[in-house]
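Generate coordinates for the entire structure from the input sequences, incorporating the hints supplied.
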Amino acid sequence: MKIPFILEIQPGAMLIIGLLLMLLMFWIFWPKRGLLALLSKLKINNQRVHLEDALKFLFDCEYKNTICNVNSIAGNLNINMEQASRLVERLISMGLITMNDEAIRLTDTGRSNSLRVIRVHRVWEKYLADETSMAPADWHNEADRLEHFVTVEDTEKLAAQMGHPVYDPHGDPIPTIDGELPSPKGKPLNQMKAGESGVIIHIEDEPKYIYEQLVVQGLYPGMQVYVIHVIENKITFAANGEEYTFTPLFAAHLTVELLSDKAPEKQKHDLLSSLSMGEEAEIAGISPHCRGQQRRRLMDLGIVPGSLIAAEIKSASGDPVGYRVMGTTIGIRKQQAEQIFIHRKKENHYESNE
Amino acid sequence: MDPLNTDLKKEQILSAANTIRWDLGMDFHDTVIESIYEDASRIARKSVKQKGDKGAYSMDLKIDRIVTSKWLGFPLMFVMLAVVFWLTIAGANYPSAMLSAFLIDYLHPVLNHAAASIQMPWWLAGVLIDGAYLSMAWVISVMLPPMAIFFPLFTLLEDLGYLPRVAFNMDSLFRKAGAHGKQALSMSMGFGCNAAGVIAARVIDSPRERLIAIITNNFSLCNGRWPTQILIATIFIGSVVPAQIAGLASAGAVVFVAVLGIVFSLVVSWGLSKSVLRGEASAFSLELPPYRPPRILQTIYTSMIDRTIFVLWRAIVFAIPAGIVIWLVANIHIGDLSIAQHFIDWSNPFALVFGLNGVILLAYIIAIPANEIVIPTILMLTVLNSGLSGMGAGSGVMFELDSTADTASILHAGGWTLLTGVNLMLFSLLHNPCSTTIYTIYKETNSVKWTVISTFLPILLGLAVCFFTTQIWFMIMG
Amino acid sequence: MSPMNNCETCPVHNKANLIKLGLNMEQVDFVVAMAGNPNTGKSTVFNNLTGLRQHTGNWPGKTVSRAEGGYVYNEKRYKVVDLPGTYSLLSTSTDEEVARNFILFGQPDVTVIVVDATRLERNLNLTLQILEITDRAVLCLNLMDEAQRNNIEIDERTLSKELGIPVIPSAARRKQGMNELLNAIEEVATGKFVCRPHRIKSRSSKINHAIAEIAAKLEAQFPGLPNTNWVALRLLEGDNSIIEAVRSGELGHINASESGKINTGVLTIDA
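Residue numbers (this note's numbering), protein chains in the order written: chain A, 1 to 354; chain B, 355 to 832; chain C, 833 to 1103.
Quick caveat, the hints were computed from the structure, so don't treat them as lab data. Among the hints, erroneous ones may be present.
Straight-line alpha carbon distances no greater than 27 Å define the calculated DSSO-like cross-link-like pairs of lysine-lysine that follow [said to hold, decoys possible]:
1. B:K530 with A:K314
2. B:K803 with A:K157
3. A:K208 with B:K628
4. A:K314 with B:K424
5. B:K803 with B:K628
6. B:K403 with C:K1007
7. C:K1033 with C:K1049
8. A:K345 with B:K416
9. B:K400 with C:K993
10. A:K345 with B:K405
11. B:K405 with C:K993
12. B:K363 with C:K1038
13. A:K314 with B:K416
14. A:K185 with C:K1038
15. A:K345 with B:K400
16. B:K403 with C:K1033
17. C:K852 with C:K1024
18. B:K416 with A:K334
19. C:K1024 with C:K993
20. B:K628 with A:K334
21. A:K157 with B:K363
22. B:K403 with C:K993
23. A:K187 with C:K1038
24. A:K64 with A:K187
25. B:K424 with A:K334
26. B:K400 with C:K1033
27. B:K530 with A:K334
28. A:K157 with B:K797
29. B:K403 with A:K345
30. C:K1007 with B:K405
Below you can see the structure in the form of structure tokens.
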């Protein structure tokens, strides 16, 4: 009987072949860096990317009332002057912009085109923030990548699913399909005076290194701020019981809507995770970092400002902890309990029978 | 009214709403919910009075403190599960034997006889009786009794309120694997039946974690695979150790395979949450309901209807065509050999690389409807392929032997070694889900993609594990 | 085995009038929707009314799909639809959409809200949301036996006055309170009891103003819409199915005067 070739290979050689095959599979399927992922990246059309990015940038200038030229486009898109001027020529020939002594302006078609790109970008940012577990610092970059190859239909389907969001996670308004956008609100933090208080409504996400620092500091849209004093080149303000001192350059990245009727909250919140067994506290709120379905689920379970919550039982491994809220025991993981703010009660000896 | 005008007005309403939404700000949804709670709490304050202490609740809390305690929590859980499995395996033996005596030993010959007496053509009788009927009878007699015991027991624990506590205790382990604590439940349910385990994953409300639980459920060694494991372990593992500890060694081997399944389930969950399912949203919430005394009769009734009969019916629907296919491949000849023999000869070299053989591969392909018929199919194919005489009941007729020694001699005659046995045990753990489970996965996820992944991922894993086991074995044994 | 045999404690006078129809639901006079939080014994109440045996696990979120059953009471035929148990109707899970859409577009004659008497406050969250959508509802205050064991006392009359709907205490597992529930359903269905459902009062003036503005526009476009304020609020939340309903004009078919009896098959969402 003839022995098939495959059985004549030595086990050692066989093992190596097997390992190589496995490595090959990993290389093909590895997310983000694998062969398949790289192939899908090749599909992105570079020219479209530059066109759309330029339109977005020009609209941003218009919205902020600054003037931009070929130079600033080159800077923003990180391309050289020659590429930038070719890009501008293309945009002019397409009837999307006009150029008048260096200053570049959008035409009406150009404006509606850029609003469309901005809508796609912000809807996807909102999606990434709410419905995925992506880190805040990556939302913007990922949306920047996605916006150039997702279709308008996909985006609209996504928007419908999320309940047609009107704000992106940085607090920027999302343009409507018809290209409507409200006029800018609030003022930059560096223009506030001592004693004024307000709510952060926007955190500028470009340049990235400043945005990342602001996020790391724990600042987020919806946070209440109170300006303590302003001296030259330094603005000191309080938010969530912490004091921050920023240079005006940094402070300009935060937009604040002034509050007149509400007294600023000065007390610092404790975290639910700090509650010891048997202790009871009042819920102050849920951190804005807890978003999307996670947040809605917690609110459905009664985690809303004002409800009383008590830590009752620890699971056998210590995490999650069972908290009693509105008559039900709910297991909450430590990671989530760290996103729920509480006010401790003054007298704290709570018995199991309440 | 002019329809165009109406449409315009509708759009105006929508756009007006949109404009107002800019003003309402980002936390509008939160405020809406908070205002509802505010009203709710005002009404509750007016109408609810707590008089004295909460009797039943403090009782619950006392039980919870024991059930979730650091020292007693886990042991209690394992004892509980062990009792459920013991009751299932021990309790199913007798009714299983009765069913099989009736359906296979008594009714099958009667049917064959009847077919002969009305002069039914032999091939039609073969397809209908030896193929379709026999595989159905097999599935019923092996599957029904354990499920009829396991599911009600499980449902009782569920109704009592104990299972959510298990999820609560197990969560930290599953969290590290990127999964949900409730996966502990779908996993334990999977030890009964993977299809039921996949359905049980419904209690996980976060989509990502639910998907992980569905895909990895197959790594729970289901009822249909326990007998295979026990049989093979007894024949091959039990025979290499001294006779006094043979029983212990083979039982240990089976438990090892089951634990290996749990390890795979966690590792694959981790892998999935780091790769394909990375970035999918996850939301964790786990309510611990009050303990309630279960209503035993109703529980038995509903779990029979909801789970046992439901799963059994699906299994039968898939088993009948498979029985026909099994009979056909063993009886249709091309040239001198049947289709089955052609396939076995062709696939044998490849199978040997994985430490398996052509018979096992073919058996796992055609016995896809239920793991219960894998061993009978393997026996039938081995006899067919090695031309043993005086064994079995004819080509295409599945059979099993009462004596383990007889089974062993057939397998040895088929060229099986200890390595084949070990690999069969591994492959029985790590192969595609049965067709009932595959169909259930499709029903539950509504996605071809995830169904395909859940089907082929375990096969790839299984082949890889068998391959490395075999080649390392060869290296060591020279 | 007749389930009514166990019912020693319930009032006898109506027993003869109840015929359980199980799945036989031809030519119904009234449609009853059953809503409630998970784990409140909703399925047990459903089973008591219809004689069916839906599984009722002690496990939040057990009823995944919609179950239907029927009964005859005082010679009227009722169809009961057991909606998935949810905590809220405002989030975006499929379960909630099924429940919400049925109450809104299915226009049941009566919505029975089953709540857990031991955690009334939590359950009122859903109750209040339902009362924003529909005018005709009955509150089934279930698990009263457990509430008693926990020494919780509930003033049903105050509760009924606050919510503006009948409140029926019950212990469905012991089949207590079922006749009163049947009675209350009948009274609301036939219009003998006119509900004045509670509407949310704690909203800020800014939100109320926004709602009023949109509601006025809706009123002009869809006269007779019974819950314009709620629809307006949903539009302000960007609820896609409501936006679609406005666009397609489906909203116009919802009418205060004529309810029930529409073929529930029009609901395409299937859990």
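Verification of the supplied hints:
no., hint, result
1, B:K530 with A:K314, "holds (17 Å)"
2, B:K803 with A:K157, "holds (21 Å)"
3, A:K208 with B:K628, "holds (26 Å)"
4, A:K314 with B:K424, "holds (8 Å)"
5, B:K803 with B:K628, "holds (18 Å)"
6, B:K403 with C:K1007, "holds (25 Å)"
7, C:K1033 with C:K1049, "holds (22 Å)"
8, A:K345 with B:K416, "holds (25 Å)"
9, B:K400 with C:K993, "holds (11 Å)"
10, A:K345 with B:K405, "holds (23 Å)"
11, B:K405 with C:K993, "holds (22 Å)"
12, B:K363 with C:K1038, "holds (24 Å)"
13, A:K314 with B:K416, "holds (13 Å)"
14, A:K185 with C:K1038, "holds (17 Å)"
15, A:K345 with B:K400, "holds (23 Å)"
16, B:K403 with C:K1033, "holds (23 Å)"
17, C:K852 with C:K1024, "holds (23 Å)"
18, B:K416 with A:K334, "holds (23 Å)"
19, C:K1024 with C:K993, "holds (16 Å)"
20, B:K628 with A:K334, "holds (21 Å)"
21, A:K157 with B:K363, "holds (23 Å)"
22, B:K403 with C:K993, "holds (17 Å)"
23, A:K187 with C:K1038, "holds (22 Å)"
24, A:K64 with A:K187, "holds (12 Å)"
25, B:K424 with A:K334, "holds (17 Å)"
26, B:K400 with C:K1033, "holds (15 Å)"
27, B:K530 with A:K334, "holds (13 Å)"
28, A:K157 with B:K797, "holds (24 Å)"
29, B:K403 with A:K345, "holds (22 Å)"
30, C:K1007 with B:K405, "holds (25 Å)"
Figure legend: structure checked against the earlier numbered hints; every hint is met.
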